[in-house]
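Number of protein chains: 2
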Amino acid sequence: MGASASFYMSWCVCINVGLLCVVMVVFWNWRWRGGFAWDGSEAQFSWHPVLMISGLLVLYGFAAVLFRVPWGWSQKKIAWKLVHAGLMLAALVLATVGLYAVFNVHSTLNIPSMYSLHSWVGMSAVVTFAWQWFLGLVGFLLPCSAQRLSHYLKGIHVWTGQAVLLLSLAACISGINEQLFFLFFFFSLPAEALFANMLGILIVAFSSLVFGILSKADWRRPNANTNDEAAPVRRIFSSLNVKENVKEN
Amino acid sequence: MGASASFYMSWCVCINVGLLCVVMVVFWNWRWRGGFAWDGSEAQFSWHPVLMISGLLVLYGFAAVLFRVPWGWSQKKIAWKLVHAGLMLAALVLATVGLYAVFNVHSTLNIPSMYSLHSWVGMSAVVTFAWQWFLGLVGFLLPCSAQRLSHYLKGIHVWTGQAVLLLSLAACISGINEQLFFLFFFFSLPAEALFANMLGILIVAFSSLVFGILSKADWRRPNANTNDEAAPVRRIFSSLNVKENVKEN
Numbered sequence: 001m002g003a004s005a006s007f008y009m010s011w012c013v014c015i016n017v018g019l020l021c022v023v024m025v026v027f028w029n030w031r032w033r034g035g036f037a038w039d040g041s042e043a044q045f046s047w048h049p050v051l052m053i054s055g056l057l058v059l060y061g062f063a064a065v066l067f068r069v070p071w072g073w074s075q076k077k078i079a080w081k082l083v084h085a086g087l088m089l090a091a092l093v094l095a096t097v098g099l100y101a102v103f104n105v106h107s108t109l110n111i112p113s114m115y116s117l118h119s120w121v122g123m124s125a126v127v128t129f130a131w132q133w134f135l136g137l138v139g140f141l142l143p144c145s146a147q148r149l150s151h152y153l154k155g156i157h158v159w160t161g162q163a164v165l166l167l168s169l170a171a172c173i174s175g176i177n178e179q180l181f182f183l184f185f186f187f188s189l190p191a192e193a194l195f196a197n198m199l200g201i202l203i204v205a206f207s208s209l210v211f212g213i214l215s216k217a218d219w220r221r222p223n224a225n226t227n228d229e230a231a232p233v234r235r236i237f238s239s240l241n242v243k244e245n246v247k248e249n
Numbered sequence: 001m002g003a004s005a006s007f008y009m010s011w012c013v014c015i016n017v018g019l020l021c022v023v024m025v026v027f028w029n030w031r032w033r034g035g036f037a038w039d040g041s042e043a044q045f046s047w048h049p050v051l052m053i054s055g056l057l058v059l060y061g062f063a064a065v066l067f068r069v070p071w072g073w074s075q076k077k078i079a080w081k082l083v084h085a086g087l088m089l090a091a092l093v094l095a096t097v098g099l100y101a102v103f104n105v106h107s108t109l110n111i112p113s114m115y116s117l118h119s120w121v122g123m124s125a126v127v128t129f130a131w132q133w134f135l136g137l138v139g140f141l142l143p144c145s146a147q148r149l150s151h152y153l154k155g156i157h158v159w160t161g162q163a164v165l166l167l168s169l170a171a172c173i174s175g176i177n178e179q180l181f182f183l184f185f186f187f188s189l190p191a192e193a194l195f196a197n198m199l200g201i202l203i204v205a206f207s208s209l210v211f212g213i214l215s216k217a218d219w220r221r222p223n224a225n226t227n228d229e230a231a232p233v234r235r236i237f238s239s240l241n242v243k244e245n246v247k248e249n
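As given, the protein sequences belong to chains D and Z, one line each in that order.
Per the UniProt record's numbering, the first sequence starts with residue 1, numbered consecutively.
Per the UniProt record's numbering, the second sequence starts with residue 1, numbered consecutively.
Treat the hints loosely; a few may be bogus.
Since the list gives no way to pick one copy over another, a pair counts as held whenever it fits inside one copy or between any two copies.
Quick list of in silico lysine-lysine cross-link-like pairs, DSSO-like style, CA-CA up to 30 Å [claimed, not checked]:
1) K76 x K216
2) K154 x K216
3) K77 x K216
4) K154 x K76
Rather than coming from a laboratory, the hints here were simulated on the basis of the structure.
Based on the provided sequences and hints, a complete structural model is requested.
Structure below.
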């Protein structure tokens, strides 16, 4: 099987496992946690796991592997960078609303925040992610981004991007584990806990797929196309002009 | 800074952060958890976090990045494969004893096992690791390992190796989080919880360093030396014979 076919197979599995994680966390909170609301109640808390898993883990993972899709290699990298940045921004917005949901519930119910390791790891994930997004915008997209800065930043961008996913994975697993302890402190495994544990295992599987896709050397965008790291937004317009000129000729 | 210098700097940080994790988990259990014993008491439980973090995370991480050390690239790969396999076996033994410690305490104190997501993720890590070690032995070290099988297995070996580290990270963070909930259920952050949370953040930092080192293309063992994937143990002897012959000539 060629590199391209084996990529598409893995990518397809990755996307389906990711979507299944979202479906499962929605079903968990709809079926057992009283559904969804925005009134400071426990039903508002339901938004927290749903938005964190959808944004900080699944959408983030989808956006992370985007440059590996062979279909995009023959196209302008700048277009894929914009889609990457857009998906990441959507992931960041979902995660931020997910954080707000839980802080708001805590303040309404007079529960303190930020004492557990789960909260420390999760907050580190979101703060690092926000910083990463901002640096990515300045380094790779804005017209002011310099070629030299982009080249230097790329290594850090890849490394930090992996760190966010690791933080996110650890936050999701510890969060599910913590919530089940709150609910079933007396060492039992009712249907809800069984279901949420299975969601936890799927979350690790999804993260492994994302890391697997990222690590495979054959699946990287070929070098020929990666020299335009610093292609800032203004180049879109100049490249469009070039195309028009070519047509005219 | 050259690829080699920047590798050694990152490797040095990685090793120190890993060792600090071990020192911190020992100190935590010595200072606040009643120290260490092997009598079915809570002091026996102390061995669980110490052995899992030392074996399944830190030693495992050290062994995972071993082939990236440039110093070893000019040497026979088979020697480094034996060190890699040896360190991994030590890590697996530590993790197995660490599992036994907690199952034994649970059975003495009549506490059920394997109901939490932490236990599911942790057990998946150890079982996947044991299977991975066995497959590695058969595929890359035993005299019977065929070149074709080795080549096919290598991609899976790298992928599964990352999955074990992800499972291990998630198990460590959810385990610390869970233990602190057992101890301080009433939303507080005493010195012990503060210390253990800091350990948790360091654990994520260590994992990020390992993944960062593994992902950097410049730090991979050059292709020229990686064609001997299937170099089985018998080749050590044949290569030694070759050396002796050279000397005699």
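Hints versus structure:
no. : hint        : in the structure
1   : K76 x K216  : both (22 Å within a copy, 24 Å between copies)
2   : K154 x K216 : both (18 Å within a copy, 11 Å between copies)
3   : K77 x K216  : both (20 Å within a copy, 21 Å between copies)
4   : K154 x K76  : within (18 Å within a copy, 33 Å between copies)
Checked against the numbered hints above, the structure violates none of them.
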